[in-house]
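> Taken in order, these protein sequences are the chains called C and E. Per full-length UniProt numbering, residue 1 is the first one in the first sequence, and the count goes up by one each step. Per full-length UniProt numbering, residue 1 is the first one in the second sequence, and the count goes up by one each step.
It is possible that some hints are incorrect.
Okay, the calculated bits of chain E under chain C, using three or more residues with CB under 8 Å as the criterion [unchecked claim]: (1) 5-12; (2) 91-98.
From the derived model, a few chain C residues whose C-beta atoms are all more than 12 Å from chain E [claimed, not checked]: (3) 30; (4) 66; (5) 84; (6) 89.
Mimicking PhoX-like on lysine-lysine, the simulated pairs with C-alpha atoms at most 20 Å apart in a straight line are [claimed, not checked]: (7) E:133 - C:76; (8) E:115 - C:95; (9) C:76 - E:6; (10) E:6 - E:54; (11) E:85 - E:31; (12) C:74 - E:72.
The hints are simulated quantities; they were obtained by calculation from the structure and are not laboratory data. Glycine included, each C-beta is placed from N, C-alpha and C at the ideal position.
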Amino acid sequence: MNLRRDVFQAIADPTRRAILLLVASQSMTAGAIAANFNTARPTVSKHLQILIECELLGQEQTGREIYYHTNAKKMKEVADFIEPFRQMWDDRFNKLESIMKNYPNKK
Amino acid sequence: MDLKTKIDAEDGKHFLVITREFDLPLELLFKAYVEPEIVEQWMSTKVLKLESRKHGSWQFQTSDPEGNILLKSGGVIHEFVPNAKIVRTFEMENTPFPVQLEFLEFEKLNDDRSKLTMQIVYKSVEDRDAMLKLPFAKGINMAHNRLQEVVENII
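Use the sequences and the hints to build the structure in full.
See the structure below:
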């Protein structure tokens with residue numbers, strides 16, 4: 001559970017969430033990622049480090065460059081966590097909708 | 001991915017927002033929150049009390065199929081504007097979870113469609129996350145119980 005909490009702390013930061021969105025579609029170097037933000041390069045590096053530590057990002061060396069990509073498995077874990085709660089409400093609302101569609105006094 | 005019910009639970013915040021669009025006129029959606037026998041159906045609970053007015057209070061009781069009481073919940077209604085808004089508290093009795101505050105807003109999208117926005121405010125970020133985990137934990141428990149039943153039947 002502690003590991004999970006770290007993941008949630010990691011994605012609590014808007015810059016880190018933006019980084020995850022950015023590299024979700026394609027692997028990018030730290031320089032290319034930093035170019036998308038007004039923040040100083042070392043700050044971006046720090047964010048990348050945190051994302052790597054909690055395994056939301058992976059790195060891959062290609063030649064002299066290091067490319068960053070999202071770790072799909074870990075990202076799914078984060079989404080799955082809220083999913084049962086969402087599902088519970090979705091089930092209730094689906095029920096509500098079908099009951100009211102058959103409501104006798106329906107106009 | 002087209003999800004009908006959306007949960008926006010920003011990290012580090014002690015609230016979350018649930019949104020849902022319904023294929024129902026606003027009046028019917030709102031009615032589903034006011035008529036006790038309808039609430040009982042879609043919430044799968046027994047409504048002991050539901051006073052839909054300012055300073056009113058509500059109390060639900062949920063039992064398992066054998067009739068054992070699983071959960072009693074209740075709260076008070078702070079604001080009640082028909083077809084527009086309900087502000088209420090929600091508390092699960094005999095649990096360590098602190099009371100939570102709920103803001104429900106009902107909107108007309110057109111003559112046949114409506115939208116519900118429900119903001120739930122928790123005492124702390126930790127309390128919110130613990131609450132989010134409940135159905136997750138329950139799902140595991142239910143799977144476990146089912147497994148146990150199967151095993152018991154085999155023996």
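> Indicate, hint by hint, whether the structure satisfies it.
Here is what the structure says about each hint:
Evaluation of the coverage hint for the region 5-12 of chain E: fulfilled, as 7 residues show C-beta separations to chain C shorter than 8 Å, against a requirement of three. Remark: the region 91-98 of chain E is not confirmed as covered by chain C, as 0 of its residues place a Cβ nearer than 8 Å to a Cβ of that chain, below the required three. Consistency note on residue 30 of chain C: stated as away from chain E, and its beta-carbon is indeed over 12 Å from all of that chain's, at 24 Å minimum. With a least beta-carbon separation of about 27 Å from chain E, residue 66 of chain C lies farther than 12 Å from that chain, consistent with its non-interface assignment.
Interface exclusion of residue 84 of chain C from chain E breaks down, the closest Cβ pair being 4 Å apart, not more than 12 Å. For residue 89 of chain C, the shortest C-beta to C-beta distance to chain E comes to about 5 Å, within the 12 Å cut-off, and the non-interface label is violated. Pair hint residue 133 of chain E plus residue 76 of chain C holds up; C-alpha atoms about 16 Å apart against a cutoff of 20 Å. Restraint check for residue 115 of chain E and residue 95 of chain C: the C-alpha separation of about 15 Å stays at or below 20 Å, so the hint holds.
Among the hinted pairs, residue 76 of chain C with residue 6 of chain E is consistent with the structure: their alpha-carbon atoms are about 16 Å apart, no more than 20 Å. With a C-alpha separation of about 28 Å, the suggested pair residue 6 of chain E and residue 54 of chain E falls outside the 20 Å cut-off, and the hint is violated. A distance of roughly 12 Å separates the Cα atoms of residue 85 of chain E and residue 31 of chain E; the hinted pair therefore holds under the 20 Å criterion. Distance restraint check for residue 74 of chain C and residue 72 of chain E: the Cα-Cα separation of roughly 36 Å exceeds the 20 Å cut-off, and the hinted pair is therefore not satisfied.
In summary, the structure is inconsistent with hints 2, 5, 6, 10 and 12 from the numbered list given earlier, while agreeing with the others.
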